[in-house]
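Model the placement of chain B on the given structure of chain A, informed by the hints.
In order, the protein sequence lines correspond to chains A and B.
All residue numbers in the first sequence are consecutive under numbering that gives the first Met the number 0, ending with 663.
All residue numbers in the second sequence are consecutive under numbering that gives the first Met the number 0, ending with 663.
These aren't lab readings, by the way, just hints derived from the structure by calculation.
On a predicted model such as this, the values are computed, not experimentally measured, just so you know.
One should not assume that every hint holds.
Claimed, not checked - Here are the computed lysine-lysine pairs in the PhoX-like style, where the Cα-Cα straight-line distance is at most 25 Å: (1) A:K598 / B:K357; (2) A:K660 / A:K602; (3) A:K108 / A:K308; (4) A:K518 / B:K24; (5) A:K42 / B:K544; (6) A:K544 / B:K36; (7) B:K42 / A:K544; (8) B:K401 / A:K602; (9) B:K602 / B:K660; (10) A:K36 / B:K544; (11) A:K607 / B:K55; (12) A:K607 / B:K357; (13) A:K38 / A:K55; (14) A:K357 / B:K601; (15) B:K86 / B:K270; (16) B:K38 / A:K518; (17) A:K161 / A:K108; (18) B:K42 / B:K62; (19) A:K544 / B:K357; (20) B:K42 / B:K365; (21) A:K36 / A:K55; (22) A:K333 / A:K161; (23) B:K544 / A:K38; (24) A:K357 / B:K598; (25) A:K518 / B:K42; (26) A:K357 / B:K602; (27) A:K601 / B:K357; (28) A:K365 / B:K544; (29) A:K602 / B:K357; (30) A:K357 / B:K607; (31) B:K607 / A:K55; (32) B:K36 / A:K518; (33) B:K24 / B:K660.
2 protein chains.
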Amino acid sequence: MDPINNGEEETSKKEISRCSIDVHKVAPPPQRSSFEKLKSRLKETFFPDDPLRQFKGQPSKRKWILAAQYAFPILQWGPNYSLSHFKSDVVSGLTIASLAIPQGISYAKLANLPPIVGLYSSFVPPLVYAVLGSSRDVAVGPVSIASLILGSMLSQQVSPAKDPLLFLQLGFSSTFFAGLTQASLGFLRLGFIIDYLSEATLVGFMAGAAIIVSLQQLKSLLGITHFTKQMGILPVLSSVFHRTTEWSWQTILMGFCFLAVLLVARHVSMKRPKLFWVSAGMPLASVILSTIIVFALKAQNHGIDVIGKLEEGLNPPSWNMLHFRGEYLGLVIKTGLVTGIISLTEGIAVGRTFAALKSYRVDGNKEMMAIGIMNIIGSSTSCYVTTGSFSRSAVNHNAGAKTAVSNVVMSVTVMVTLLLLMPLFRFTPNVVLGAIIVTAVLGLIDLPAARRIWRIDKFDFLVMLASFFGVIFVSVQLGLAIAVGMSIFRMLLQMTRPTTMVLGNIPGTNLYTNLHHYKDAVSVPGFLILSIQAPINFANANYLKERIMRWMADYEADHITHHHQLQGIKQHSTTSLHYVILDMSCVSALDTTGVTLFKDLKKALECKGVELVLVNPIGEVIEKLERAESEAAGSIILRADLVYLTTAEAVAQLSSAINLKMMM
Amino acid sequence: MDPINNGEEETSKKEISRCSIDVHKVAPPPQRSSFEKLKSRLKETFFPDDPLRQFKGQPSKRKWILAAQYAFPILQWGPNYSLSHFKSDVVSGLTIASLAIPQGISYAKLANLPPIVGLYSSFVPPLVYAVLGSSRDVAVGPVSIASLILGSMLSQQVSPAKDPLLFLQLGFSSTFFAGLTQASLGFLRLGFIIDYLSEATLVGFMAGAAIIVSLQQLKSLLGITHFTKQMGILPVLSSVFHRTTEWSWQTILMGFCFLAVLLVARHVSMKRPKLFWVSAGMPLASVILSTIIVFALKAQNHGIDVIGKLEEGLNPPSWNMLHFRGEYLGLVIKTGLVTGIISLTEGIAVGRTFAALKSYRVDGNKEMMAIGIMNIIGSSTSCYVTTGSFSRSAVNHNAGAKTAVSNVVMSVTVMVTLLLLMPLFRFTPNVVLGAIIVTAVLGLIDLPAARRIWRIDKFDFLVMLASFFGVIFVSVQLGLAIAVGMSIFRMLLQMTRPTTMVLGNIPGTNLYTNLHHYKDAVSVPGFLILSIQAPINFANANYLKERIMRWMADYEADHITHHHQLQGIKQHSTTSLHYVILDMSCVSALDTTGVTLFKDLKKALECKGVELVLVNPIGEVIEKLERAESEAAGSIILRADLVYLTTAEAVAQLSSAINLKMMM
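The following block holds chain A by itself, in its conformation from the complex (with noise of 0.2 Å):
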């Protein structure tokens, strides 16, 4: 600091004394039994929500109906559904009916199961989730990533060639856990876990998934038979290039003339929302047009790979299959759990991302257990492990979904198609199905959100790489691991390494600003002011006692030497440092390692003359620090002089002191 700089302080002295206003102690909290805070710590914790509030003061017959709304959201949307909904609704489930049949029988070959038990999976859950699920873009059905752990992690210990019953009894019973897993950690209230999916790690997430997802349909886009079952890009891309001899050119030609087309009117859509049913519509239009075109040509003879020939038949009940006990009940419980969680992210992040898109609000909770009740419901009827998938949500979304009655469409089509319409999709070819999953999940890739990262913030944009690598290279269950991991390391960073901020007086006035923010804010000779921004716990006790030892260091390093420049003497002079002032109105919270802290602290300050002043303790602060006195005798903390309720009192009370100290 310089010369002038301490003339101001001079005169901000004087100021303070001046404008100095009557003291007002600080008051002990109300008393509140342990029982009570507890009760409303659980409260915050787990009902942050209040969702009962809308019961209060209601009378019973209303509660009944609000009851049952909140049990099943139909109820809240379903009177208020319009016609238009309606249409929409149908054009959106009758496309995502016609990716349900591929997908279904794909994603079942994933898991090695039989590929019916695909198109069964896409016929019960569906339904079960337009009555319980909240959000209204969610297309549910068996999804890749839950397909492929469910195979491996099964086929480890049976083998689905050998034992193919056996294997598919276990794929109902992890189907079973699965759900379980899910509607409980519902039931618990644990959604808030969902939280923990940060808005960089979802970018991150879905632009991987996508990607991902995409590159699978290289499979049908160029006409490979032998492709690879695993996830990752390279082995995606190895069977992609190993395969070249497998290319069919008529194939590639046709899925890539209905991609373009499928992408121009996306693009068209984008331009200009008045043609959204360009893109609605153009998904199930292709697939009409690829099937007439394959039927005409024959072309399923020329290379083109179609569904094929389909038996038909609703769901048979399968909750004679599940596996309670014996020896794969570990492998199954393993399973279900594993899976169950996954999907589950999956399945919510889809939700949240939709539902924000909208600005509409998912209910994690309730929504885990309509997924978890949906699987438990799927288990017993030969259906396998299901969520809101990805890629048909996206189209879903883009075919303009209103509601999850077009969930409902979907389920019913489908369910028309296992009684009857097998043999009209039998020539619809999977190059088209490939082409329309694309062109829906590279909507999904959210450039200008990674961009604003970017400039909001460095290390959530480090966040947002690690899931979109770790989805793309490694799994998408480790990326999105890695992802939580980095995010959550930051936030116990930031416990452990919490600011404190050295306050001055803005001259003429009663306030204290960051000194090193405001420039026109003065350091208040003989005071060190420091305001500490975090809970003080065993995290950062440490580190706080080294901190404000250091900021004290640099005090004496700033005045003394420069006030001997001034005076040429030292001890008890107006500038060497006298009182260390915590302003705690931000540590909002104390543990024994915190109460521990300031007794150091004061036993430190008092080798050197220095007294610990506290300004604005909160009320649980105040409580420990009391019970801590109360038995531990020696230095007291809470001395009545060494504790106000603002900085600028505590000032200006012990400005005057120092004074007094001078003069003798």
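This is chain B only, laid out in the frame that chain A set:
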């Protein structure tokens, strides 16, 4: 709120407008490049103690001395080492030496290594530590926990009985990698991981370990020959009571006599600090006395277990025995990692505890490097994993050790023993050494601390119990892991559910304090003033939005209803909510999800015709919001008339705005 209260509000409003002060605008933070920010962040994270500070502005010669002192703490305390120090160091050194021999033997047995290796490990490492270590009380040597883990992990793949030489080589190799792990943790300045051992965790850990160690001494105290090698309380007790046939009354008699003497001595010294030498000298005295008794009475022939004959000679070199390749590399690295970290945990925990008792400072990073280098050197001189020993340091401390010289004395004694004195210790009964250990560790069960923790913080008490019972019933490492995990979970919860306070004005002042803490504070009609007490990020953004909405609903519920009583009309009355003021003083960080929160909140409030006002946002928050604004068009959050430096100014300005509205 009751009418009277409302009356107060009206008055308070006048008050405010009267004592409203001139407005200070929120300044943009000083410009700093991302690199500068990163640099200071890294410094705070890894060099909070600012180790280079002492070098600043020193002559280069002095710098060299300081550097040397920093690297070799012995140079700090060496120069002013006095004779009195030496006396007490000799006493304590001899005492722990008398422990080092039987402990070395028994722990080496635990690790399935030849007994003599245990003695070697008490010779070289202490010398290294004396030079590098920064604790004055820690006595280094083999420890039970590390020995157990080393032995069990290695014997999973190699049989010590079948292939003793290979096993020995793997033992030394694991020791090398353990040292490498420890040294690199220190070198990478990751010492702050020890901060995560909170006071509560340590109190529980120490008590638990003390009980386990003492129970294990029942082997020697009861003269049991076949004893479990496990640490858990249950196996120990079972082997105590299933071996009653092996109990020898002579041993028990002798043991409990000496135990009584030692406890009395310790009690005396605690009551009369002047008589410290009673407890300090007693262990050595009893070793000598008991040896003489045994020798005189030929007691070894009457069921009293003695150390017995040991071969003579110093540590042979063992660097040629280290495995850096081959099939066992993975095994030794894994074993080294686990034993390294766990023994480090014990060493640092012990070091910290005694440093706290004598209130001096132990630099975690330096300590880790010291222990690490000690083990690396040890691994090439026929020593296995060593660290600050729990029981030995306790004895060392009780015997009044002043500096690390006691380690040197111990080491020299062990050397002399290895060379010449083996015969003398031949008749020392293990029972007495057991008694000494028990006496030492019992002093580490800190019941007052436990009571204090219970009174100050219930959750910390839970943590303490977790680590206590974890150590007793499961294992030391798991006990610690659970305790640390709980503490971290609590931190995350604090972050996920941050405190939000409703602020009210103290009539006649510019002060705004917690409405639910300060009874004389009243809410300002038309305003909802909230203080957010944590960084805003992905983990709490959702919660905060919901919580703020709830506060608003509460406000409406209070004011509107009761305004109806007063005037019967509602819309745009003074009491209906016009502004939500967020006091941002405590929001020390913001991530992209946090930025999104403000946009959502702004939108949500505008729907209700309420404005969002920010008070005293810190530099980082301002920057990030600005960046977000700059490209996202639409509702601006940082509008000049919606950001203030103090709540008082905001209220003063905005209430006039409300009055204007009223007029129209």
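Hints, one by one, checked against the model:
| no. | hint | result |
| --- | --- | --- |
| 1 | A:K598 / B:K357 | holds (15 Å) |
| 2 | A:K660 / A:K602 | holds (21 Å) |
| 3 | A:K108 / A:K308 | holds (16 Å) |
| 4 | A:K518 / B:K24 | holds (12 Å) |
| 5 | A:K42 / B:K544 | holds (16 Å) |
| 6 | A:K544 / B:K36 | holds (23 Å) |
| 7 | B:K42 / A:K544 | holds (16 Å) |
| 8 | B:K401 / A:K602 | holds (22 Å) |
| 9 | B:K602 / B:K660 | holds (21 Å) |
| 10 | A:K36 / B:K544 | holds (23 Å) |
| 11 | A:K607 / B:K55 | holds (22 Å) |
| 12 | A:K607 / B:K357 | holds (19 Å) |
| 13 | A:K38 / A:K55 | holds (19 Å) |
| 14 | A:K357 / B:K601 | holds (16 Å) |
| 15 | B:K86 / B:K270 | holds (23 Å) |
| 16 | B:K38 / A:K518 | holds (22 Å) |
| 17 | A:K161 / A:K108 | holds (16 Å) |
| 18 | B:K42 / B:K62 | holds (21 Å) |
| 19 | A:K544 / B:K357 | holds (17 Å) |
| 20 | B:K42 / B:K365 | holds (17 Å) |
| 21 | A:K36 / A:K55 | holds (23 Å) |
| 22 | A:K333 / A:K161 | holds (22 Å) |
| 23 | B:K544 / A:K38 | holds (22 Å) |
| 24 | A:K357 / B:K598 | holds (15 Å) |
| 25 | A:K518 / B:K42 | holds (24 Å) |
| 26 | A:K357 / B:K602 | holds (13 Å) |
| 27 | A:K601 / B:K357 | holds (16 Å) |
| 28 | A:K365 / B:K544 | holds (19 Å) |
| 29 | A:K602 / B:K357 | holds (13 Å) |
| 30 | A:K357 / B:K607 | holds (19 Å) |
| 31 | B:K607 / A:K55 | holds (21 Å) |
| 32 | B:K36 / A:K518 | holds (19 Å) |
| 33 | B:K24 / B:K660 | holds (24 Å) |
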